[in-house]
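Protein sequence lines, in the order shown, are assigned to chains E and C. Everything in the first sequence is counted per our numbering, starting at 2 for the first residue and increasing by one. Everything in the second sequence is counted per our numbering, starting at 7 for the first residue and increasing by one.
No wet-lab data here; the hints were simulated from the structure.
Subject to a maximum C-alpha distance of 27 Å in a straight line, what follows is the list of computed BS3-like cross-link-like pairs (lysine-lysine): (1) C:Lys-123 to E:Lys-41; (2) C:Lys-140 to E:Lys-42; (3) E:Lys-54 to C:Lys-140; (4) E:Lys-8 to E:Lys-27; (5) C:Lys-123 to E:Lys-42.
Please read these numbers as outputs of a predicted model, since none were measured by experiment.
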Amino acid sequence: MLVLTRKIGEGIVIGDDISITIVEMKGGTVRIGIDAPRNKKIYRQEVFDRIAKENRDAATWDMVDLDNLSDNITASKVK
Amino acid sequence: MKKIVSRFGEIEYDPENLLIFPEGLIGFPSLTNFIVMPNKKEGPLFWIQSVDDPAFAFVLTDPTNFFLDYCVVPDGDERQTLQMGEEDPCYVLSVVTVPPDQNISLNLVAPILYSPKTNRAAQVILENSPYSTKTPLPQPNTIVK
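Only chain E is shown next, with the shape it has when bound in the complex (with noise of 0.2 Å):
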């Protein structure tokens, strides 16, 4: 991983179209200013890892669970 040091408003430049500012650091937080193209999809590493997570645990599903289920979801709208 390449790693810069950067003080506030210092900024780091990726390709051609993507800037990113120090913007504020306080009390161990970091605020971080992104200029991109709005069809670069930018995502909280935690928030990107647990939809991930989530889709990973989706994809292992066993057919006879999904018709059992399907059995009882139907009764339960039909009552």
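Chain E is fixed; fit chain C onto it per the hints.
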């Protein structure tokens, strides 16, 4: 017709009818082509089978069956990904997690937008969503139809 061998057995499909996720699913950018499997049983659950990696299949549902006020509208970039116009219909789907105890949950933080006109779909992340990635189904008696 083409064939793949999934973990549920051999599946025949028409490449013309694939559901395309141009950007894959979140965390799985290479899963772009899916077969929509017909419902064997009545009910709101159905599943999609990855063609790119037959190990992957996902159970989906229309979350508005359970959460009547759940609404996600594609923005301009998302419409572009789906190759749809502003007036074209767009449906929202949720990935369903089916654990062995069958207490299923819906991922309402990362819904799938689906454009029936172009047969394209995209999974999006809702920032600041009040919902959870593991939202349980409401109790049956609270479902208002």
